[in-house]
Amino acid sequence: MAAARRLKRVVASQPGFLNLKSSSDSTESLSSRRKRVNKNKKKNWNKHSDINDVEDFLDDVRHQERTTGGLLSEKSDDSLFFLDVGQPKKAEPKEAESVEGKKRKGKQSRPLRIDLILQHDSLVPPPKDVLAYQQPNAKKLRRIAQKAEQLAAKGVVPRRQKQLLNRRPVDKKVKAAVTEANNNPDREYYDIWGQETKDSADPWYLQQTRKKLVKRPEKLNEKPSVLPAVEVIAPGGSYNPDFFSHQALLQEAHEVEVKKQKEEDKIERQLAVNKEDTATEETKLREQVEGLVEEENEEETAPNEEEEEEEEDVAVGAIAVAEKKTERQRKREKAEKIKEQQRLADRQLTDQRQQLFQLRSIKTSIKQQEQKTKDKQKQRKVKQEAQKAQPRRLGRLKFQPQDMEVQLSDELAGSLRRLKPEGSILKDRFKSLQKRNLIEPRERAKFKRRHKVKYVEKRAFREIT
Amino acid sequence: MGGLQKKKFERGSATNYITRNKARKKLQLSLPDFRRLCILKGIYPHEPKHKKKVNKGSTAPRTFYLVKDIRFLLHEPIVGKFRDYKVFVRKLKKAYGKTEWSAVERLRENKPTYKLDHIIKERYPSFIDALRDIDDALCMCFLFSTFARTGKCHVQTIQLCRRLTVEWMNYVIAARALRKVFISIKGIYYQAEVMGQPITWLVPYQFSHDHPTDVDYRVMATFTELYTTLLGFINFRLYHSLNLLYPPKAIVVTVLHLMFSFNAFLQEDMEKMEAREKEQKQQEAQKKLFEGLKFFLNREVPRESLAFVIRCFGGEVSWDKSVCIGSTYEVTDETITHQIVDRPNIDQQYINRYYIQPQWVYDCVNAKIILPVEDYFLGVTLPPHLSPFVEEKEGDYVPPEKMKIMALQRGEKPANEEEEEGEEEEEEGEDEEEEEDDDNDDDEEDDEEEEAEEKNLKKMEEQRSQGKSLQVKVTPGKVKVENPARLEQEEKAEEKRLAIMMMKKKEKYLYDKIMFGKKRKTREANKLAAKRKAYDDAEKAKKKKARK
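As you go down the protein sequences, you meet chains A and B in turn. Final position of the first sequence in the UniProt record's numbering is 465; the numbers increase by one with none missing. Final position of the second sequence in the UniProt record's numbering is 548; the numbers increase by one with none missing.
The reader is advised that the hints may include incorrect statements.
To be verified - Listed next, the in silico DSSO-like pairs over lysine-lysine satisfying Cα-Cα at most 30 Å (straight line): (1) B:K521 <-> B:K492; (2) A:K446 <-> A:K435; (3) B:K531 <-> B:K542; (4) B:K513 <-> A:K381; (5) B:K533 <-> B:K548; (6) B:K121 <-> A:K175; (7) A:K431 <-> B:K121; (8) A:K420 <-> B:K540; (9) B:K492 <-> B:K278; (10) A:K223 <-> B:K22; (11) B:K505 <-> A:K372; (12) A:K383 <-> B:K49; (13) A:K198 <-> B:K121; (14) A:K435 <-> B:K22; (15) A:K381 <-> B:K51; (16) A:K175 <-> B:K93; (17) B:K402 <-> B:K368; (18) B:K51 <-> A:K435; (19) B:K533 <-> B:K543; (20) A:K211 <-> B:K504; (21) B:K93 <-> B:K25; (22) A:K388 <-> B:K521; (23) A:K378 <-> B:K52; (24) B:K25 <-> A:K211.
Hints listed in this document are in silico derivations from the structure and should not be mistaken for laboratory results.
Throw the hints in and build the complete structure from the sequences for me.
This is how it looks when you write it as structure tokens:
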């Protein structure tokens, strides 16, 4: 009510505003005819008074407050107007901006234009979002929180917290597979020969439950070959060898090569064909024409045939017919047989008697035989020993010794820096293992295809051919 | 009655052998697993004497194993691990195929592994047995440590081999066990003596390597697996025998107390004891060969090998900082005594140090004394590198370089005839048969002396006849120092001659035959020496011509 009054006063003071009183005097006669209404009650007052002008003014005021953030009349002049004095002269000495920070600060003190634009500049505050503050079970939650506080004050810990506290921290498991592997570079060793074996339980029990290891048979401890593990190369294999030892090594390599060459030559010789035996055009013609040409050779062949016929007749006559033996003949044969046997028996007797006088020669012959057998035994033993040093035949492939590692005289390097190593030690070790019968000789497995490979021409080729 | 008949191939050698495939089926393993098992357990195939019997009448070449060995294999716990591994591989493949990565992770974490400790204990029940087999192990480990880490074989294996080889070399340095070194075209051979056992191993050059295709890598990897385990245990034991800490930290080894290996003296004669003591003294002197000398290795020489050898004999060694870690002093150090260079010439030369080629170090080690440095200067043609693994028997050809070295070993200067004769005497003095040569030498010397005396006498007689007074004076006699050793030798020679005279005709004939055969070798050696001399002369002549 007081505000309305104030406003009315403000309104009345505005120039150009018509007073109610002045207007009412001129039109008194007209207005007396009007019916007199009691405006003391609210309902009657609202019905009969016209407050549109006030309402307009108030609307205007509210509009100003809403849009420009307050009455325009109450705003300062500077916020509404500025004096346009043209381009400001740049004769003023610009202060040396020595410190960049100062410049920045100055710029920072002025707020950004976009922030200014986005600020709401009306007096009317934005409405509150009531739904955002509404929680359906706010009371319940409040009660629960209060109870928890009370219990915490007493010292009782809820179950979930107890479980959390009881949980041990997780140890990130180091990969057992890596540490226990045999080729782990940091693996540990211990004294394997120093520890005494302890029989913790009954040996019978240990044996039955397979906790005790089976004893290794004695034969397995023998080495399969007498060769040493590492065979040092001959002195000619030094990087800077002595003349004669190098020559000796070259000689050995040479002999190996000669042997190979000999074998190849042997095979070539066996397969060799005489050049004269190859068919030429002449011989072919002669063969085809044989027997067809009858001019000169008829006379020569005729006497030869006659001689051959005579020889055949003689051969036919020699076959005689066998006759049956007579009784006399059989008796004679028996008597002869008996005589023969008697003679042999007598001969034997005399031989036995004469052996007494041949004792010396018999002795020498026996000695010779014994000597022979001894020699042969020795040879056999030597052969056996040599065989022990040879690699045994274990499996399908024969042992192929590796090529000799030799450097020719012009390949020899005078200094260690220029030395070019010969041979591969990997191969050398592999062959040494085979030589000592530790593994059987092996070769690289061939790539076997399951199905045959088919060859198909490309379409482009098919068109061409 | 039919059942009691003896059938063929049911008893005897035919039942003692079993073919490889049958053995594999009995063990229920795949072929690579079977091979691996045999290598690990030390079971080798045998060649039977009568193949036809064992093969039941056919002569097809097959691999045979003894049945008892295979039956022994059945009790091996590792067989179960192999089967577990097979199952693991199958599960892993399935998980990969179904792209179940969590399953793959889980399986990988629980991969089955096996240990070989019980196999080592079973195959080598005592430490000395293991030491006898260490040659092979060392060669394999050194070989694998030089492989490139491409992933063809497990990188961890290569790392483990490297670690073990470095530990072994450290042990040899600490125990001063190295005896012989030989640089060949294949690689470098070393020989060390550990607990009385001579151990030879071969180290490849760092820069060779073209991997041959016909070598089975799986087999070599299995051997290496076994040998790395063995070598690790041996290293442990050896380090503890020297009271060193195992495993050593990096390269530095904490030496608490160095003990030398001592031989057990059983009942032996005094002579042998003295000989042994002499040997020991020599060995100890040899172990300190490079003590007090300071070496510097240039970039182009094989650093590891030289550092190992020099350290083994007590010398100090260093190299350029940029080559590798572990260098202690620089080139500019004034106290360096020898610098090892392999180039034809070098720019900056310090005065108080020798610039020598690397062969000097190795030759010194083999000769067991410090050789004169002049033959090994830069740009000089080196003397040939002789093999220390060759032991020349009496009468064999000995190259003149070796004779020089032996002369130096006796503290005499080379290139003197008398010394050579003296050398021959001492070389062959121990053998009885060579005393004849001694006698011959003595006789020759005596003859020469006699001839000289005769000449003198003749001269004197002439002078007398000419009436000149002789300048002979009576001077106090000099005591002839009679060498007791020489006297003994002469007595022995006399006895021998008497014995030979008393032999019967037949025995004499045999004896002559033997001596002829023996002298054949010396004759050949003389021939070769003459050849060598001719060759040397030819070379000299060539050089002179070239100079002109």
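Evaluated hints:
1. Distance restraint check for K521 of chain B and K492 of chain B: the Cα-Cα separation of roughly 24 Å lies within the 30 Å cut-off, and the hinted pair is therefore satisfied.
2. Distance check on the hinted pair: K446 of chain A and K435 of chain A sit about 23 Å apart at the alpha-carbon level, within 30 Å; holds.
3. Restraint check for K531 of chain B and K542 of chain B: the C-alpha separation of about 16 Å stays at or below 30 Å, so the hint holds.
4. Between K513 of chain B and K381 of chain A, the direct Cα distance comes to roughly 25 Å. Compliance with the 30 Å bound is thereby established for this hinted pair.
5. Proximity of K533 of chain B to K548 of chain B is assessed by CA-CA distance (about 23 Å); at most 30 Å being required, the pair is judged to hold.
6. Between K121 of chain B and K175 of chain A, the direct Cα distance comes to roughly 27 Å. Compliance with the 30 Å bound is thereby established for this hinted pair.
7. Between K431 of chain A and K121 of chain B the CA atoms are separated by roughly 27 Å; this keeps the pair inside 30 Å, and the hint holds.
8. For the suggested pair K420 of chain A and K540 of chain B, the alpha carbons sit about 29 Å apart, so the restraint of at most 30 Å is met.
9. Among the hinted pairs, K492 of chain B with K278 of chain B is consistent with the structure: their alpha-carbon atoms are about 25 Å apart, no more than 30 Å.
10. Distance check on the hinted pair: K223 of chain A and K22 of chain B sit about 24 Å apart at the alpha-carbon level, within 30 Å; holds.
11. Between K505 of chain B and K372 of chain A, the direct Cα distance comes to roughly 25 Å. Compliance with the 30 Å bound is thereby established for this hinted pair.
12. Restraint check for K383 of chain A and K49 of chain B: satisfied, since their Cα atoms lie roughly 15 Å apart, inside the 30 Å limit.
13. Only pairs whose Cα atoms come within 30 Å are accepted, and K198 of chain A paired with K121 of chain B is accepted, the gap being roughly 14 Å.
14. Between the alpha carbons of K435 of chain A and K22 of chain B the distance comes to roughly 25 Å, so the proposed pair stays at or under 30 Å and holds.
15. Between the alpha carbons of K381 of chain A and K51 of chain B the distance comes to roughly 21 Å, so the proposed pair stays at or under 30 Å and holds.
16. Proposed proximity of K175 of chain A and K93 of chain B is supported: the alpha carbons are some 20 Å apart, at most 30 Å.
17. With a C-alpha separation of about 13 Å, the suggested pairing of K402 of chain B with K368 of chain B holds against the 30 Å cut-off.
18. A distance of roughly 20 Å separates the Cα atoms of K51 of chain B and K435 of chain A; the hinted pair therefore holds under the 30 Å criterion.
19. Note on K533 of chain B and K543 of chain B: the hinted pairing holds, with a Cα-Cα distance of about 15 Å set against a maximum of 30 Å.
20. Among the hinted pairs, K211 of chain A with K504 of chain B is inconsistent with the structure: their alpha-carbon atoms are about 73 Å apart, more than 30 Å.
21. A threshold of 30 Å between alpha carbons decides the hint, and for K93 of chain B with K25 of chain B the separation of about 25 Å falls inside it, so the pair holds.
22. About 29 Å separates the Cα atoms of K388 of chain A and K521 of chain B, which keeps this hinted pair within 30 Å; it holds.
23. Distance check on the hinted pair: K378 of chain A and K52 of chain B sit about 27 Å apart at the alpha-carbon level, within 30 Å; holds.
24. Among the hinted pairs, K25 of chain B with K211 of chain A is consistent with the structure: their alpha-carbon atoms are about 25 Å apart, no more than 30 Å.
The structure shown violates just one earlier hint, number 20.
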